[in-house]
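Please build the complete structure, drawing on both the sequences and the hints.
First to last, the sequence lines map onto chains V and H.
Straight run, no breaks: the first sequence in my numbering ends on number 363.
Straight run, no breaks: the second sequence in my numbering ends on number 363.
Check before you lean on any hint, since a few could be wrong.
Given that identical chains are not distinguished, each listed pair holds provided it fits within a single copy or across any two copies.
Keeping only pairs whose Cα atoms sit at most 30 Å apart, straight-line, the calculated DSS-like set for lysine-lysine is [claimed, not checked]:
no. : residue 1 : residue 2
1   : 359       : 26
2   : 352       : 189
3   : 125       : 352
4   : 179       : 115
5   : 350       : 189
No lab work stands behind these hints, which were simulated from the structure alone.
There are 2 protein chains.
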Amino acid sequence: MQNSKAQNATEKGCKIDMEKLKNDLLLQAAIGEKTERTPVWLMRQAGRILKEYREVRASVSGFKELVQNPDLAAEVTIQPVDLLAVDAAIIFSDILEVPQAMGLPYEMIEKTGPTFRETIKSESDLKKIHTANINDLKYVIDAISISKKRLDSRVPLIGFAGAPWTIFCYMVEGKGSKTFSEARKMIIRNPTLSHQLLETITESTILYLKAQIQAGANLVQIFDSWAGILGPDLYREFGLRYINEICDAIDEVPKTVFAKGAFFVRKDLKNTNCQVVGLDWHTHARASRSIIGEDKTLQGNLDPAILYGSDDFIIEKTTEMMRSFEGKRHIANLGHGVYPDTEVEKVKLFIETVKEYKN
Amino acid sequence: MQNSKAQNATEKGCKIDMEKLKNDLLLQAAIGEKTERTPVWLMRQAGRILKEYREVRASVSGFKELVQNPDLAAEVTIQPVDLLAVDAAIIFSDILEVPQAMGLPYEMIEKTGPTFRETIKSESDLKKIHTANINDLKYVIDAISISKKRLDSRVPLIGFAGAPWTIFCYMVEGKGSKTFSEARKMIIRNPTLSHQLLETITESTILYLKAQIQAGANLVQIFDSWAGILGPDLYREFGLRYINEICDAIDEVPKTVFAKGAFFVRKDLKNTNCQVVGLDWHTHARASRSIIGEDKTLQGNLDPAILYGSDDFIIEKTTEMMRSFEGKRHIANLGHGVYPDTEVEKVKLFIETVKEYKN
Chain V
5 MQNSKAQNAT EKGCKIDMEK LKNDLLLQAA IGEKTERTPV WLMRQAGRIL
55 KEYREVRASV SGFKELVQNP DLAAEVTIQP VDLLAVDAAI IFSDILEVPQ
105 AMGLPYEMIE KTGPTFRETI KSESDLKKIH TANINDLKYV IDAISISKKR
155 LDSRVPLIGF AGAPWTIFCY MVEGKGSKTF SEARKMIIRN PTLSHQLLET
205 ITESTILYLK AQIQAGANLV QIFDSWAGIL GPDLYREFGL RYINEICDAI
255 DEVPKTVFAK GAFFVRKDLK NTNCQVVGLD WHTHARASRS IIGEDKTLQG
305 NLDPAILYGS DDFIIEKTTE MMRSFEGKRH IANLGHGVYP DTEVEKVKLF
355 IETVKEYKN
Chain H
5 MQNSKAQNAT EKGCKIDMEK LKNDLLLQAA IGEKTERTPV WLMRQAGRIL
55 KEYREVRASV SGFKELVQNP DLAAEVTIQP VDLLAVDAAI IFSDILEVPQ
105 AMGLPYEMIE KTGPTFRETI KSESDLKKIH TANINDLKYV IDAISISKKR
155 LDSRVPLIGF AGAPWTIFCY MVEGKGSKTF SEARKMIIRN PTLSHQLLET
205 ITESTILYLK AQIQAGANLV QIFDSWAGIL GPDLYREFGL RYINEICDAI
255 DEVPKTVFAK GAFFVRKDLK NTNCQVVGLD WHTHARASRS IIGEDKTLQG
305 NLDPAILYGS DDFIIEKTTE MMRSFEGKRH IANLGHGVYP DTEVEKVKLF
355 IETVKEYKN
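What follows is the structure in structure tokens.
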């Protein structure tokens with residue numbers, strides 16, 4: 005059966021490695037195989053919602069120290085599998101490791117978030133950076149290898165990277181922003197320079213994801229957190245184009261594209277060479293299905309704030325969400341990362357509700 | 005002609021006062037009258053883009069001092085009419101004057117933005133606040149009266165308020181936020197308390213807008229800056245419902261609803277008792293028209309970042325934007341407030357391009 009599934013996957017334009025996973029629901033659902041139930045995991049499941057994570061985090065001096073310690077990163081990667089019984093692990097890391105490996109280090113500043121001392125604004129700034137050397141990301145690759153060993157084929161491991169547009173936003177702006185108007189100024193004032201930078205990020209991202217896959221990642225997700233800040237035309241030119249380049253370059257494993265806020269390019273995503281499209285909690289599953297068509301798996305999309313509710317409310321809203329996907333190709337998740345102050349019992353209830361849901 | 009227009013407006017569920025405006029294009033377009041050209045103004049036109057504004061701003065100790073000084077507020081309100089030749093003035097003020105008049109003062113902190121020392125989190129916190137006393141907003145009303153006098157009927161004056169949901173976000177969260185997860189937690193954990201607070205904000209807003217109209221505002225706009233943070237169901241219950249209450253309570257002048265990011269309730273806005281619906285730059289005019297129907301005027305929606313571009317680029321994109329509205333009921337604007345570092349010559353070019361556009 006594994007072999008015929010792998011065969012199917014190859015025909016569908018992606019290979020699934022021959023590793024015999026005890027639970028491969030996520031990969032089956034990703035490539036459009038019927039599954040006995042809908043697989044479920046949460047964005048940011050490896051994180052502050054778990055006291056076991058907070059203990060590990062407290063044992064090191066900062067967030068970056070944790071990301072760069074393969075042994076501890078693997079430990080927190082696996083925690084949600086043990087503690088929450090999710091159907092996948094996702095490697096604990098940060099999307100900003102890539103610009104750092106390109107020559108632009110960031111600092112994680114309390115309350116401000118990630119901050120770059122230097123930014124890219126001009127032709128001469130481009131000389132500061134280079135295509136990422138994967139050796140400089142070895143700690144992530146090592147964390148994947150260790151995670152795979154410790155997972156012992158229980159569930160798939162998801163690798164990930166930020167989409168080039170989102171990485172570009174941080175490299176130009178230097179930090180988070182409500183409008184990212186510096187990044188948007190740059191693509192408008194200097195499209196050539198912008199495309200050069202986006203191309204270098206794209207090349208780096210492809211190398212990085214391929215190294216993750218080589219180390220054992222069973223599926224990769226591309227996060228475009230700031231997709232929704234651009235209008236449709238500019239997003240097609242400076243955002244989606246590079247996501248497409250990445251998806252076209254990778255055929256080793258299934259790919260998920262999560263372009264947050266980019267409801268306006270759902271019809272374009274239909275033609276993106278990926279198996280899974282992530283939906284945020286603003287986009288309705290039925291409408292998205294009719295735009296994106298039947299050939300993709302949809303992932304999502306409960307409003308993370310719902311998990312602040314009572315048990316009854318969570319069950320009701322999760323069931324409604326499940327129903328909205330109509331039993332078609334679906335991976336259950338939230339519509340964004342779980343909020344750090346969510347009670348772990350509520351997260352478990354969400355997961356159980358998905359697992360018990362019958363179409 | 006004025007009289008028959010006013011008659012028409014009354015039939016359409018809103019009155020236009022008998023004031024003989026030299027340029028009433030905005031009001032004509034708002035109520036769906038044919039106009040010789042499309043009217044144009046910009047959100048945040050009274051602000052940092054103008055050196056004349058920056059001079060006035062530098063003459064007082066802070067942003068709040070400017071807002072609370074009727075004479076200076078009127079001066080900066082009128083500047084864009086003189087300097088940019090826009091088809092409307094909008095009173096210079098801040099949406100957070102309302103929560104302040106409800107008993108929750110804010111401070112404008114450099115780089116952090118508006119911050120409330122106290123927030124509303126519990127039943128007992130509700131005792132801190134009350135329906136706004138319009139006397140406590142007298143400086144805005146006075147600024148409107150002075151502006152009207154100085155405008156001397158050249159163009160209409162727009163009044164405005166924040167939508168209850170957006171004001172609620174600030175009152176609960178205490179400051180800006182990427183996720184407003186505290187505010188969202190509150191509506192989910194304590195819907196009764198949330199509705200009480202939203203109701204008090206709504207009552208205050210209705211009183212406030214009526215006082216603005218009494219003082220001479222010719223149209224009012226409701227800004228729901230954080231509409232896009234909720235999913236469709238929650239937005240209907242905690243957002244749109246209160247906008248509808250406000251729109252139903254006001255029939256003195258045309259009303260504009262700008263629910264930023266809330267593409268998912270466009271079909272609901274069709275039934276909102278307003279004449280104009282504002283569009284951000286993510287929502288395409290044609291698609292929005294087909295959802296919202298022919299009975300509303302649409303306002304917007306050039307990406308503000310476009311004004312960072314070359315003259316040719318601005319002309320091209322503005323013309324494209326105009327064309328996308330297909331000569332149907334339209335008020336030209338950006339899809340959000342103009343960015344403060346936009347060159348004033350670029351803003352003028354946008355305005356001229358709209359004025360010269362022929363369907």
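A quick look at each hint next to the structure:
no., hint, result
1, 359 <-> 26, "within (16 Å within a copy, 66 Å between copies)"
2, 352 <-> 189, "between (43 Å within a copy, 18 Å between copies)"
3, 125 <-> 352, "between (45 Å within a copy, 26 Å between copies)"
4, 179 <-> 115, "both (12 Å within a copy, 13 Å between copies)"
5, 350 <-> 189, "between (42 Å within a copy, 13 Å between copies)"
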